[in-house]
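Number of protein chains: 2
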Amino acid sequence: MIAETPKPPYYAVIFTSIRTEVDNNYADMADYMVELAKQQEGFLGVESARNEIGITISYWRNLESIKKWKENSQHKIARESGRKIWYKSFKTRISKVESDYDFQKL
Amino acid sequence: MIAETPKPPYYAVIFTSIRTEVDNNYADMADYMVELAKQQEGFLGVESARNEIGITISYWRNLESIKKWKENSQHKIARESGRKIWYKSFKTRISKVESDYDFQKL
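Protein chains in written order, with the numbering used here: chain A, 1 to 106; chain B, 1 to 106.
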């Protein structure tokens, strides 16, 4: 679903990745990381899609909440497995959402 | 592919959408818009994936280049068709990329 984020400014962590061929419970870990992220202070929402590349965007209140999530011990372990097992390559971009607008068909 | 963007800061336009059931040459128009965007001044790259939702992120040098792209006449027509035909709902977020890091398996 499209994340229902508050009025800007807030932060977006854009994670773009290319997977390896190895499954090894990737979907379970990804789902678990989303559940865990939802429990963090400052978490605002998440959006995700994958074809040739995967894009996951998590939204956060501020840089402090992103930093704390990065330091979460279970998230650290998952990221380590990501580098070892699941990802051929990825890029993470930390960005500040300055404005937004939306559209909803009646 | 993962976009090869320059050192931050630069801008990311995050477009998250839910499609209607109507095809009506959507893929052709989407491809054409990417080709057209690539020709614009300040365009830095694009990443796209779709399952239940679609996420397309285009990267730009600055807000001025985003504004000019928004004013492009063919882009305007495509956006109009998007609202009328292709999208149930969407959200566009303009964000400034402040930092990034990447990983590449050896």
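The set of hints was computed from the structure by calculation and includes no laboratory data.
A hint or two may mislead.
Just so you know, same-sequence chains aren't split out, so a pair can sit in one copy or run between any two.
Claimed, not checked - List of simulated lysine to any residue pairs, SDA-like, C-alpha gap at most 25 Å:
id, residue 1, residue 2
1, K7, Y32
2, K84, M1
3, K76, L63
4, K84, G42
Practice problem: Using 25 Å as the alpha carbon limit, work out where K7 and Y32 are close: within a copy, between copies, both or neither. | Solution: neither (27 Å within a copy, 32 Å between copies)
Practice problem: At 25 Å max between alpha carbons, let me know whether K84 reaches G42 within a copy, between copies, both or neither. | Solution: neither (29 Å within a copy, 35 Å between copies)
Quiz item: For K76 vs L63, is the C-alpha pair at or below 25 Å within one copy, between two copies, both, or neither?
Solution: For K76 and L63, the Cα distance is within 25 Å only inside one copy (17 Å; across copies 34 Å).
Practice problem: State whether the alpha carbon distance between K84 and M1 is at most 25 Å within one copy, between copies, both, or neither. | Solution: between (30 Å within a copy, 20 Å between copies)
Consistency note: the structure conflicts with the earlier hints numbered 1 and 4.
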